[in-house]
Structures are given as C-alpha cells and as structure tokens.
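Visitor: Quick note, the sequences are listed as chains A and B, same order.
So for the first sequence, the numbering used here puts the first residue at 39; every next one is plus one.
So for the second sequence, the numbering used here puts the first residue at 1310; every next one is plus one.
Derived by calculation from the structure, the hints in this document are not laboratory data.
Since the model is a prediction, treat every value here as computed from it, not as a measurement.
Just so you know, even glycine gets a beta-carbon here, dropped at the ideal spot from N, CA and C.
A hint or two may mislead.
[To be verified] Simulated pairs of lysine-lysine, DSS-like, Cα-Cα distance not exceeding 27 Å:
1) K1376(B) - K1320(B)
2) K1320(B) - K441(A)
3) K45(A) - K1392(B)
[Claimed, not checked] Just so you have them, the derived chain A footprint on chain B, three or more residues with Cβ under 8 Å:
4) 1347-1360
5) 1364-1378
6) 1425-1436
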Amino acid sequence: MIWQNIKNAFISIKSAKLRSFLTVIGVVIGVFAVLVMIGVGDGVKKDISGEISSLGTNVLTVASGRIGQSSSQRQTSQQQQRQTSGFPFSGGFGTSTLTEKDVASIKNISDIDKITTFGIISSSVVSGNYSSEGAFVVSAEPNYFSIRNIKLSEGREITDRDNEDKKLVAVIGSNTKADLFGDENAIGKKLTLRGKEFEVVGITKKSDGGLSFGSSSDDVVIIPYNTGVELTGKNEIFRILVQVNDAKNIDSVKSEITKAIQQNHAGEDDFSVLTQEDLLGTFNSILDILTTFVVAIAAISLLVGGIGIMNIMLVTVSERTKEIGIRKAMGATFGNILGQFMTESIVISLIGGIIGVLVSYLAGFVIKRLANITPVFSPRALLAALGVSLLVGIVFGTAPAIKAARKNPIQALKSL
Amino acid sequence: MKKNNQKIVIKLDKLSKRYDDEAGVYDALRAINLEVAEGEFINIMGPSGSGKSTLMNIIGLLDRPTKGNYYLDGVNTAKLSSKDIAKLRRDKIGFVFQNFNLLPRLNLAQNVEMPLIYKKVSLRQRREKVKEVLSKVGLEDKIKNRPNRLSGGQVQRAAIARALINDPSIILADEPTGNLDTKTGVEIMNLLKELNLQGVTVVLVTHNPELSEYASKTIIVRDGKIIEDTKK
C-alpha cells in the first residue's frame, strides 16, 4: 500500500510538473537556508576549537582566584559561561595565591607530561627610539613554548640554562619585532625592559591570522622566569600550565591538582583549574546563541515552504474530488485516501529536502572559496534536515489529506 | 427462475431515506422492501426524482438508510462502521457508471486493479487477475493504454472489467449505456447479460425502458416507493 501510494504520488507530481516544481522549490530554499546557517555556525565553531586547541593540547590552566569551574562539581553551562567569560582578566588582579610549593605539588602528580609557570610583568618595551605599545611581557619557564605550541621563525627558544643563570635574553613576537626593528634582522639586538637591556634571541612565527584567545604570541616579549623574578623582585606566579600525557586523564589530573593545591592553601578555594573545554565552553555558548538565532530566521523560510505545500495540496484535493469519489466507490477507506494524499505531500517535501541538502553541499564549496569559512555538514544535521522536511510534509499535508478523506463519495462522484 | 434454495444477495427491509436539510424535509425512499437472488438481472426504473438514485446509492453502500435494514450477502449493513462499509463495498460491489469513471492518469491495468490494491493483493496476483478480467471483456491487448486512447465502448468495457475484478456479489450498473451510441450500448448490454449468464448478479439502474428486456426482473420506483415488480 505504501509503495502504491508513493507510485501514485509520483504519477500525480509528474502530471503537474511546473506546479510540483515550484512547490518543491519552497522546501528546497527552506532546507538550504537552515542547513547552510547551521553549517557555517559549526564551521566557525570548529575554527575556534582549532584555535583554542592550538594554544596547546591537553593543557590545564591553574590560575589564582576563583574563575569558572568549581573544584568539586560541574556547574550548569549557563553559570559556567557567565563566570569563565572573565577568564583573561579576573585572575590578574591582586596578588597571586599560587606558590612554588603548589608547583612542586603538581610536579608530583602522575600522568603529567610538562609543566610551566609564567608571570606577567608590567613594563614598557623599548629599543632605541622605538617602542612596542601592544606588547606585554611574560616571564616563563622553557616548557612554555612547547605547551603553548609557540613556534619560532628565527633564533632559539629560552633554555633551562637561560632560566637558571637568569640571563637577560628575550624571545619576541613577530608584531613586536616589526614595531621595534622593522624589517631589519633583530637577532642579537637589544631591547630595554624596566631599565635593563635584554638580547633578542628568537622571534615567534606569525600566527595564522585567525581569532586568537588568551595571549597572542605575536605581541609578546618572553623572558626567562627567574630573570623576571629578579627584575621585579617578586616571585609572582600568574598561571601554571600543565600538559597532561593523555586526553583521557585530563579530568583525573584536574581533580588531583585541585586536591593538592587545596591542601597547600589550608582548604581554601582561592585558585582555579581550567581545562580547554572550560575555555571552549564560553565561546561555543556565545556562538550557539548566534547560530540558533540565525537558524530560527532561516526556519521561517521552511515554514513558508510548508505553507506552499499545504496550499498546493488543497488545490490538488479539490481538483481531484472526482478521483476521490471513484476510489471510495472502489472500496477505499478513510485511511486509504488519507494515506494517499499524505504520501503525496511527504514525497514533495522529501524531494525538496533531498535537493536542499545537495544544494547546501554545493553552496558549502562556494562559501569555502569566497568567505574562508569551511561550513561543516554533520551527518546529524543532514538527517535532521531530511527529518524536518518529512515533518513539514506531515504537518502541512494533514489538513488537505483529511479534507480529501472526508469527502462524501456521492457528492465527489457527481463533481466534474 | 427463483428457486427456494437460491441465495438472497440483496434484502431491503422497510428501508426509508429521509433528507432533512435547509431545503426542508424530503422522503426519498419510503419503507421499501426488495429481495434480489443470486444470479438475477434486475432493472430498477423510474423517472427523475423518483428515489431511484438514492436506492442505487444505498444498495451500492455509498449512502445509508435513515430507517430499515439492508442485508448484503446476509450481512446487516446497518451496524457496520464506515471502514467496514468501505471494505464490504470493495469486496461485494462492482460499480459501472454512466460516465465510465476511469482515472485518466492511469493506464487500464492500473485502473482495473484498483480494488485489489485496497484489498492488499500481491502484485503478481493482481497482474494475473487484471489479465483475466480484461480478456473477459475483450481488452487484453489494451492493458497498457490510457483511457483517452480508447473508444467509449472500450472504456466502458474496462470499467466492467474493474467491476468484476473482486468477484463481487453484485454489479451495480448506473445508466451504463447513457453515454454510448446505440450500437455500442447494445454491445455493453450483451456483455452484462453474458456475465449474468455466467452467474454474476446484475442490478441495472436506468430510465431507458428498452433495456428492461435484458433483465429477469423490472422494478419501477416512483415517489420513493416500488410501484411495480415484474418478473419475466
């Protein structure tokens, strides 16, 4: 029976080609709009995830002060979003609560690959008559480079030796280099921080130009951690970065670090341990709101497509009143007629859905070329698109089909 | 012709139909009694507005009486749901209409097999049966043709084939020759007669008195009542 209904649907669609085509177009536009918006949203999300994970994989950030995640329990995403959105700043105020003892305790935890501490030093960055306004000064241990995934275009990284000997050396970002030295070779040149001269030993590779979070490695002066302590006279740990050996151990290491530091701080929750996910969560939730909004607007076009189907089905039903009468005389039940017309609207809608999916795919290539965003069409989104078009067919086909099935056979047979 | 042991296919028992709408109350049928035995060829006649169409609609299970009972093949149709009525119509009644009523978009095979589709008969069985009934009416070579490629007589033959496909208890023919020329009309009547001789019960509704010669029994309806019931 279902097969027969589908066959009848195609016979009917073929017998009114232009009309069917126009109706299908309505659904195609709706599905296309929704899919492309979701695809672009997911594409941007993927870009940002890539950006954040390029800050270093499997990295936990230990910060002073209460930021985001509670140490013992997960919070709702909404709370998380509100609190972690302050991440880049809030931990920077006041005196850090993190100590060398905390670093030592973390080093004792298993499943840790690398650890680095770093501080932020407030200082102007000057070389001769030039200064770099955008640069900020980071004092960091050598592991900082590998954990933050910072690559150099020239020179060398900060070494253990530099750190132990408190050498006056610096690795500078590509923008900072341009500010201070222009196109000249900068390696071996001097810059001044808090009245002391530092030798430039390395320059970071320019980042891809994508969105950057936390600190950009383009506008930065990185000096050895111990040199920084001597320069400022204070051992103030801004963050501890911990690289975990395997992604599956992130959560267990996180809770162990939390436990260890809590012990050091006499049970006080004056620090935070954040995963990459905590960071991602913020950006994703903002993006989700945007995507939802845009998709909702796109969905209106799908609604309009559905109304188009309903309209055409109502016309079809009244045009085919006689057929309904004949079919009823041949023994068709209410359900038979209902099924026949429902199938017809579902077939129209599904054809629209399938074409919409194909058109979206093609549009994906165009968008990739023109907008430098790669839309992501997950299988789930595609199934959802087909599911929604099925639903549109059912929802907007029901009323016309009921109208058809209810027709009085005697009246229907008399109609022309 | 009627024997005592012959099966009664149609039995109308004090059947009435009253229309009650804005136009007022109107009694289309008034306490009609009628029996049709298996293998009979009855001819229902009467002028326009006599109630003949209403009677045909009720016999064809397209309409329901207001009062009284209608037994089709021994089943009292008064107590059936509309779904069961539709099934009974599908299984027991074959319609032949004045204007043929084949679907123009479907070919002959698709038109003829329609009642079997509603009965969920398999494709293979449907094909066999379609071939069988189309050859009965002499259209086996037109199986893939659409109705618009055929003459009026051929289309009506196809409609008769469609009426036969479910091996119905009765064939209900409503002015089957009304849209045909005389010669073709005679052919169609001969076909119905031939089927009747093979055992099919035929109920013919017409206002053409010439057709009563084919019937074994003629009933004349006037003002909602049977005023004459003539057996040959």
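Visitor: Hint by hint, say whether it matches the structure.
Guide: Hints versus structure:
no.	hint	result
1	K1376(B) - K1320(B)	14 Å, holds
2	K1320(B) - K441(A)	34 Å, violated
3	K45(A) - K1392(B)	24 Å, holds
4	1347-1360	violated (count 0)
5	1364-1378	holds (count 4)
6	1425-1436	holds (count 4)
Checked against the numbered hints above, the structure breaks hints 2, 4 and satisfies the rest.
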